[in-house]
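*Asks:* Put chain U on the given structure of chain Y with help from the hints.
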Amino acid sequence: MDASTETGARIVANHPKFLALEKSRARVRWGLSALTVTVFFGFVLMIGFGAGTFATKVGDGLMPLGFYLAICMILFVVAVTGIYARLGARLYGQMTDDLVKELGL
Amino acid sequence: MRAVAFQRRARGVLAHFIGAGMFTSTINAWAEDLSSVTKHTTGINTTSIAMFLAFVAATLVITWRSSHRTKSASDFYAAGGGITPLQNGFAIAGDFLSAAAFLGITALVYSTGYDGMLYAIGFLVGWPIVLFLVSERLRNLGLYTFADVTSFRLDQRQVRVFSAIGSLTVVAFYLIAQMVGAGKVVQLLFGLDYSIAVIIVGVLTVLYVTVGGMQATTWVQITKAGLLLTGGTLLGLSVLWRFGFNVDRLLAAAVSAHPKGAAILLPGGLFSDPVSAISLGLALIFGTAGLPHILMRFYTVRDAQSARKSVFYAGCFVAYFCLLIPIIGFGAIAVLMNEPSYLSSPTASKITGLIGGPNMAALHLASAMGGSLFFGFMAAVAFATILAVVAGLTLAGASAVSHDLYAKVIADGRASERKEILISKLSAIAIGVTSALLAMLFENQNIAFMVGLALAVAASCNFPVLVMSLYWRSMTTRGALWGGGIGLASAVLLVGLSKTVWVTVFHFKTAVFPYDNPAIISMPLAFLGIWVFSVLDASARGDAERAKFDAQLVRAETGAGRPAAVAAAH
Chain Y
371 MDASTETGAR IVANHPKFLA LEKSRARVRW GLSALTVTVF FGFVLMIGFG AGTFATKVGD
431 GLMPLGFYLA ICMILFVVAV TGIYARLGAR LYGQMTDDLV KELGL
Chain U
62 MRAVAFQRRA RGVLAHFIGA GMFTSTINAW AEDLSSVTKH TTGINTTSIA MFLAFVAATL
122 VITWRSSHRT KSASDFYAAG GGITPLQNGF AIAGDFLSAA AFLGITALVY STGYDGMLYA
182 IGFLVGWPIV LFLVSERLRN LGLYTFADVT SFRLDQRQVR VFSAIGSLTV VAFYLIAQMV
242 GAGKVVQLLF GLDYSIAVII VGVLTVLYVT VGGMQATTWV QITKAGLLLT GGTLLGLSVL
302 WRFGFNVDRL LAAAVSAHPK GAAILLPGGL FSDPVSAISL GLALIFGTAG LPHILMRFYT
362 VRDAQSARKS VFYAGCFVAY FCLLIPIIGF GAIAVLMNEP SYLSSPTASK ITGLIGGPNM
422 AALHLASAMG GSLFFGFMAA VAFATILAVV AGLTLAGASA VSHDLYAKVI ADGRASERKE
482 ILISKLSAIA IGVTSALLAM LFENQNIAFM VGLALAVAAS CNFPVLVMSL YWRSMTTRGA
542 LWGGGIGLAS AVLLVGLSKT VWVTVFHFKT AVFPYDNPAI ISMPLAFLGI WVFSVLDASA
602 RGDAERAKFD AQLVRAETGA GRPAAVAAAH
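Residue numbers (my numbering), protein chains in the order written: chain Y, 371 to 475; chain U, 62 to 631.
Worth flagging that the hints you see were computed from the coordinates, not collected in a lab.
Among the clues, some could well be false.
Said to hold, decoys possible - The calculated BS3-like cross-link candidates involving lysine-lysine, where the alpha carbons are at most 27 Å apart (straight line), are: (1) U:Lys132 with U:Lys480; (2) U:Lys411 with U:Lys321; (3) Y:Lys471 with U:Lys609; (4) U:Lys486 with U:Lys132; (5) U:Lys609 with Y:Lys387; (6) Y:Lys387 with Y:Lys471; (7) Y:Lys393 with U:Lys609; (8) Y:Lys393 with Y:Lys471; (9) U:Lys321 with Y:Lys427.
What the hints assert, rightly or not - Which stretches of chain U does chain Y cover? Using the computed rule of at least three CB atoms under 8 Å from a CB of chain Y, they are: (10) 188–198; (11) 319–332; (12) 367–377; (13) 616–622.
Ideal Cβ positions, reconstructed from N, Cα and C, are used throughout, including at glycine.
In isolation and in its complexed conformation, chain Y is listed as follows (with noise of 0.2 Å):
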């Protein structure tokens, strides 16, 4: 299938396998990226808001709840960041490359 006429893109975009592709990655992609989003802003506007939060102690230590928020933030990017790319090269990599031999791309 040639996909880059109008009318063969039409039809690889429309197949079914394309169409579940598509569907489960843009799911990931917007999913991720608003919980990115989300959790960044909630965290900026929590100490706008809140910022009583970040001195609570925790424990004997030194360091107060903000830290140890700071550092849950730097962590859950490497999560996200990791779950995605996990997810690109165990499902979609392999999702890709069948569709595109099945449809001749």
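*Replies:* Showing chain U alone in chain Y's frame:
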């Protein structure tokens, strides 16, 4: 040991470093304080010079070797697509971890404590967005520049010209800020004259770009990223060692040394006003996904899979750096603030009175922990960082001129590859010369707004046009030009009316626009503009562009049918 040359007044040294204008008022206060600092020992640190010369020699070898492998346009713009994901991860992280990031954010931790950590996090959160929304599709659709992607189904000429304007605006502001920073830092570190420092940076980077293309630029960046991460790790470890690997002991020492006391463990002014905080956050997050020199890196790897992996690696390196910076910053507080010898005078402020200003905190710390050898090493790393980032920016700017403006618009796709590369090299030289001249012109100007403006334009012009062209079927050329144009114009205008320019540069009493960062207004305006003008576009051209979305979607998702970059006969 502290033979930091301090020939001229250090006014404004800090200003350009901490880009987004949030801290400008603090910075100006610093600059004022610094201007009263008297002259200090003028001398040249031989260790740092020797280490820097070793780095330059290594990069010249890299460049010379790369020149043999840089023949086709694909080699020149994209290192022939032969960079591995791990290497590219290093290079992307390197592009991002400029001297501004390393010295500037450490300075922020040194001055304010916890807020410095927050700023670093703002820098980090852009990476997931780049990964999810941009990296793979960009790699599948384009060859050399992000305009390859936006012009896939839109009008070649108009969208190319517009994207080139967006890229060049971002590159220009970023580049001037980096060059001025380079001149000031080199002046402080090596005792060289400001203009000589700027000329050295200009000559070396133009050499890397014109002789070695993307191959050399990438390897210079990888080398520097490796050095920076190694140096940062050593510095962090030495701090932890000093305090028995006990973070509480480190923080206790920092709290007792810092004039602000325990307040350095809590959020201060950075995100305290929610509207400013969101505006800065938007620019930091979405600006990253619109920086041409970062976007260009996705073309240097084999496929979309590799592009995805490289962002993951880059994100990990930047995250590691975000954990390292607070250790270094709090270490600098704990160690340097108890040592009057690091202050410009015994009575000087512990924060602003640091010799060379707070930006030198990381380097003084290196000196305190490992003597002049370590200081020399870190100073050389800081200079190397500037060189590598300036080279990446120069190449991105040169590609926008040669690939987008010349090859695709002026020559209408009929330019020979040789001619295109030649134009690119000439553009690199022109960009190098212009930015060096501008850096000399702006030596004593307050240019704090420039990095902030670069990010705001990237977030309000490049990013909306790119992401909408990738994901929104109904976008047309008209929508892209109007929306992107509105984003660009409003970002520049609002920065002009904000305190950083209106009050600081033009000396008006009060700012017309109350926030330092325009993204909260300019970014939604850009998206709105794209939407309105695309929906209203009932032209036949618009319909044809919408009809091509399926072809773009299939290629973006599968990578099938991407024209192979023409390989030269090696």
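*Asks:* Each hint should be assessed against the structure and marked as holding or not.
*Replies:* So, going through the hints one by one against the coordinates:
About 12 Å separates the Cα atoms of Lys132 (chain U) and Lys480 (chain U), which keeps this hinted pair within 27 Å; it holds. Distance check on the hinted pair: Lys411 (chain U) and Lys321 (chain U) sit about 10 Å apart at the alpha-carbon level, within 27 Å; holds. Taken as a hint, the Lys471 (chain Y) and Lys609 (chain U) pair is honoured in the structure, with Cα atoms around 23 Å apart against an allowance of 27 Å. For the given pair, Lys486 (chain U) sits about 13 Å from Lys132 (chain U) by alpha-carbon distance, which is consistent with the 27 Å threshold.
A C-alpha spacing of about 20 Å is found between Lys609 (chain U) and Lys387 (chain Y), which places the hinted pair at or below 27 Å, so the restraint holds. Pair hint Lys387 (chain Y) plus Lys471 (chain Y) holds up; C-alpha atoms about 12 Å apart against a cutoff of 27 Å. Of the supplied pair hints, the one linking Lys393 (chain Y) and Lys609 (chain U) holds, its CA atoms being roughly 20 Å apart against a limit of 27 Å. Among the hinted pairs, Lys393 (chain Y) with Lys471 (chain Y) is consistent with the structure: their alpha-carbon atoms are about 20 Å apart, no more than 27 Å.
For a cut-off of 27 Å, the pair hint linking Lys321 (chain U) to Lys427 (chain Y) stands: about 19 Å separates their Cα positions. Judged by the Cβ-Cβ criterion of 8 Å, the stretch 188–198 of chain U is covered by chain Y as claimed, because 7 of its residues qualify and three suffice. Residues of the stretch 319–332 of chain U lying with their CB closer than 8 Å to a CB of chain Y number 5, which satisfies the three-residue condition for coverage. With a threshold of 8 Å between beta carbons, the proposed coverage of the stretch 367–377 of chain U by chain Y holds, since 6 of its residues qualify and at least three are required.
Restraint check on the stretch 616–622 of chain U versus chain Y: 6 residues with Cβ-Cβ distances below 8 Å, three needed, restraint holds.
Checked against the numbered hints listed earlier, the structure breaks none of them; every hint is satisfied.
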